[in-house]
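Student: Next come the chains, spelled out residue by residue.
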Amino acid sequence: MSFELETASDRAGLRRVAIDPVSRVEGHGKVTLLIDDAGEVQEARLHIVEFRGFEVFIQGRPYWEVPVMVQRLCGICPVSHHLAASKALDRVLGVPRLTPSADKLRRLMHYGQILQSHALHFFYLASPDLLFGFGSELGRRNIVGVAAAEPEVARRGIGLRRFGQQVIEATAGKRIHGTGAVPGGVNRHLAEADRRRLADESATIVAWARDAVQLVRRLHEADPILYDSFGREPSALMSLVRPGDGALELYDGVLRLRDADGRIELDGVGDQDYRRIISEEVKPWSYMKFPYMTHLGPERGWYKVGPLARVQNCEFIPTALAEVERRAFRDYAGGAIQHGPLAYHWTRMIEMLHAAELIDRMLDDPDLTAGERMADGERGHDGVGIIEAPRGTLIHHYTVDDDDLVEWCNLIVSTTHNNQAMNAAVRRVAREHLSGRTIDEGLLNHVEVAIRAFDPCLSCATHALGRMPLIIECVASDGRPLQTLVRDS
Amino acid sequence: MSETARFLLDGAPVPFAEGQTILEAARAAGRYIPHLCWHPDFPPHGSCKLCIVDVGGRHLSACATPAVDGATAASDTPEINAERRALLQMLFVEGNHFCPSCEKSGLCQLQAMASELGMTTPRFNHFYPDRPVDASHPDVLLDFNRCIYCELCVRASRDKDGKSVFALTNRGIHKHLVVNAESGRLGDTDFAADDVAAGICPVGVILRKRVGFAVPIGSRTYDTRPISAVSMDREEP
Ligand code: SF4
Ligand code: FES
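As you go down the protein sequences, you meet chains A and B in turn.
Heads up, the first sequence stops at 489 in the working numbering, and the numbers go up one at a time, no gaps.
Heads up, the second sequence stops at 726 in the working numbering, and the numbers go up one at a time, no gaps.
None of these hints come from the bench; they were simulated from the model.
Please read these numbers as outputs of a predicted model, since none were measured by experiment.
Backbone N, C-alpha and C fix where the C-beta goes; we use that ideal spot for every residue, glycine too.
Keep in mind that the hints are not guaranteed to be accurate.
Covered stretches of chain B, going by a simulated chain A footprint (3 or more residues, C-beta under 8 Å) [as the list claims (entries may be wrong)]:
id	stretch
1	620-630
2	714-720
One side of the interface only, derived from the structure: several residues of chain A facing chain B at Cβ under 8 Å [to be verified]:
id	residue
3	64
4	65
5	177
6	182
7	188
8	270
9	275
10	277
11	399
12	403
13	404
14	411
Whenever a hint applies, use it, and build me the whole structure from the sequences.
Tutor: Printed below as a string of structure tokens:
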């Protein structure tokens with residue numbers, strides 16, 4: 001099936017504008033806009049070049065290698081893959097419940113990852129656009145520009161990220177390609193020295209995270225029309241929630257789907273059963289699949305994942321300060337579900353605060369520094385691991401044969417869940433901001449701002465931050481290149 | 490009156506007893522010469538050539554060359570070490586060695602040697618051979634991707650375990666490790682997890698199953714000490 005602006009009715013004779021790759025998005029992204037002679041956008045598509053070789057690569061490998069190997073999928077949130085794979089393999093080993101120490105150490109690692117990833121995204125990638133404007137001078141739209149204009153904001157952003165990285169290092173062993181989680185548990189405790197060092201700083205981190213929420217909130221309140229409507233396309237929301245009370249839950253929970261109007265459509269679906277509710281559609285023009293809720297079909301069944309989905313899907317946030325902010329977010333829209341992609345930023349900061357509070361609270365827990373690390377179980381063959389990664393629901397699914405080798409695997413990464421939602425946002429922005437105008441860099445940046453709000457992480461990406469070149473090609477109806485803009489930011 | 494026999498290694502005298510090789514004498518004197526296929530429990534094999542030293546302009550395997558009174562050998566020179574690096578680089582590209590996700594990382598002599606000798610890039614084009622693992626044995630996995638053909642397992646299984654489970658077959662680029670079973674599968678041999686051969690592999694081919702990353706990367710043998718130091722205490726497989 002096809003959505004409006006997904007495929008132009010008559011593609012011949014349209015001018016083609018390609019944004020390739022989308023800058024400041026991890027991995028390769030490319031936007032193509034087909035424009036007719038009147039300057040109207042007739043087709044808008046976001047293509048994401050996803051690394052598809054991984055599933056094949058992992059086949060035939062011993063299962064205990066997988067949590068380490070899968071981190072190669074992503075240079076930006078390797079910890080998420082590390083943990084999702086470990087959770088799936090816990091199931092293969094017949095260990096549905098970890099020891100308290102293992103559970104807490106993995107959670108601590110995960111909260112560190114949420115904190116560092118959200119800080120990275122907001123302060124390094126998104127705040128330049130939000131603080132200076134989408135069409136502002138290109139040279140300022142980066143963390144250096146933020147540091148010049150708002151030194152305190154930049155300093156704290158860097159500090160929040162660094163703290164998250166330190167949590168990861170202390171629990172995973174390394175910032176990237178750590179080995180902390182192993183199927184059935186963890187391989188290390190938190191060292192007492194690390195615990196003390198982190199505990200010394202964690203209250204400050206909570207305070208900074210709280211200020212960051214206020215900063216985004218003020219931005220929203222200063223320009224509600226822009227923030228509420230930019231790229232807005234209503235859709236359902238999917239995330240894990242805590243079983244029983246529906247609290248925000250990032251590491252282990254049950255799947256919930258809320259429809260665009262806020263009604264709970266599906267709830268309490270166990271992670272091992274994800275295939276009962278989610279299907280994936282393949283489209284000829286994109287390498288990345290389009291997941292949807294099976295019972296609603298591809299046209300109505302697409303959904304958003306990530307902070308915007310999670311914060312609105314849960315009943316409450318189980319840490320005090322973040323819960324206050326969740327309520328403020330909800331009250332801002334009078335209790336209605338917010339769908340504008342820019343609201344991702346606000347909810348992302350609420351989650352960052354939640355992660356900071358959780359870390360602060362956990363650091364006194366004696367289970368982190370001592371206690372049984374590994375659990376045993378009855379070996380099976382099939383396991384699913386789902387976590388709420390910084391960018392949204394992340395699903396790893398493996399089958400393992402009697403000889404301990406991976407037979408088959410299926411991964412659905414956060415960015416894939418958001419594929420349709422991002423395409424919808426791009427089309428909305430193209431229609432409202434680009435159609436009928438002379439397209440310049442500032443206008444094209446609007447498209448990117450919408451994509452970036454979702455914080456897409458393009459799986460194989462190991463590109464150094466902020467070093468992604470952007471190429472914009474404007475092509476006339478006869479295929480003649482009119483204009484090429486290249487930037488390396 | 491009998492003077493102790495000596496040779497000069499990198500300018501310093503090394504005493505030796507009749508029949509000792511250059512490598513053995515150097516080691517007994519607390520001097521390290523890089524090596525991969527040599528192991529104190531086995532006769533020299535002379536295949537990896539990491540132990541080359543320059544004796545009178547000729548490059549000889551120190552593990553297989555008897556010490557000679559009055560000889561002069563050079564080991565730790567830029568030229569010899571460059572040659573060793575090139576040998577390592579060839580070993581790396583011949584197999585599939587991906588250290589960041591290898592469970593033997595930090596316990597692997599090939600990796601440790603590369604860091605000892607300052608090998609920073611593979612330099613040559615990777616062969617990317619396709620070598621499926623053999624997981625048929627209940628307790629031990631064979632990951633052929635990492636074999637460096639040192640034959641330590643061949644020797645250990647034959648000479649210590651009395652089993653001859655392993656052999657190298659073919660030559661040159663087609664050389665590979667095989668096991669002694671009609672099916673070609675380790676599970677069909679009499680190999681056992683407590684065989685000497687099970688613990689001898691200097692790289693990550695013969696692996697105890699389900700251990701993986703139980704010991705964190707960062708706190709493993711070669712994570713904290715260079716192979717030149719570890720090797721003088723004991724040979725770590
Ligand atoms: S399996 Fe290990 S011990 Fe045997 S030949 Fe290969 S590298 Fe040497
Ligand atoms: S150690 Fe001498 S040739 Fe290998």
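Student: Please go over all the hints and tell whether each is borne out by the structure.
Tutor: A quick look at each hint next to the structure:
{"no.": "1", "hint": "620-630", "verdict": "holds (count 5)"}
{"no.": "2", "hint": "714-720", "verdict": "violated (count 0)"}
{"no.": "3", "hint": "64", "verdict": "3 Å, holds"}
{"no.": "4", "hint": "65", "verdict": "6 Å, holds"}
{"no.": "5", "hint": "177", "verdict": "5 Å, holds"}
{"no.": "6", "hint": "182", "verdict": "5 Å, holds"}
{"no.": "7", "hint": "188", "verdict": "5 Å, holds"}
{"no.": "8", "hint": "270", "verdict": "26 Å, violated"}
{"no.": "9", "hint": "275", "verdict": "27 Å, violated"}
{"no.": "10", "hint": "277", "verdict": "32 Å, violated"}
{"no.": "11", "hint": "399", "verdict": "14 Å, violated"}
{"no.": "12", "hint": "403", "verdict": "4 Å, holds"}
{"no.": "13", "hint": "404", "verdict": "6 Å, holds"}
{"no.": "14", "hint": "411", "verdict": "16 Å, violated"}
Hints 2, 8, 9, 10, 11 and 14 from the list above are not met by this structure, while the remaining hints are.
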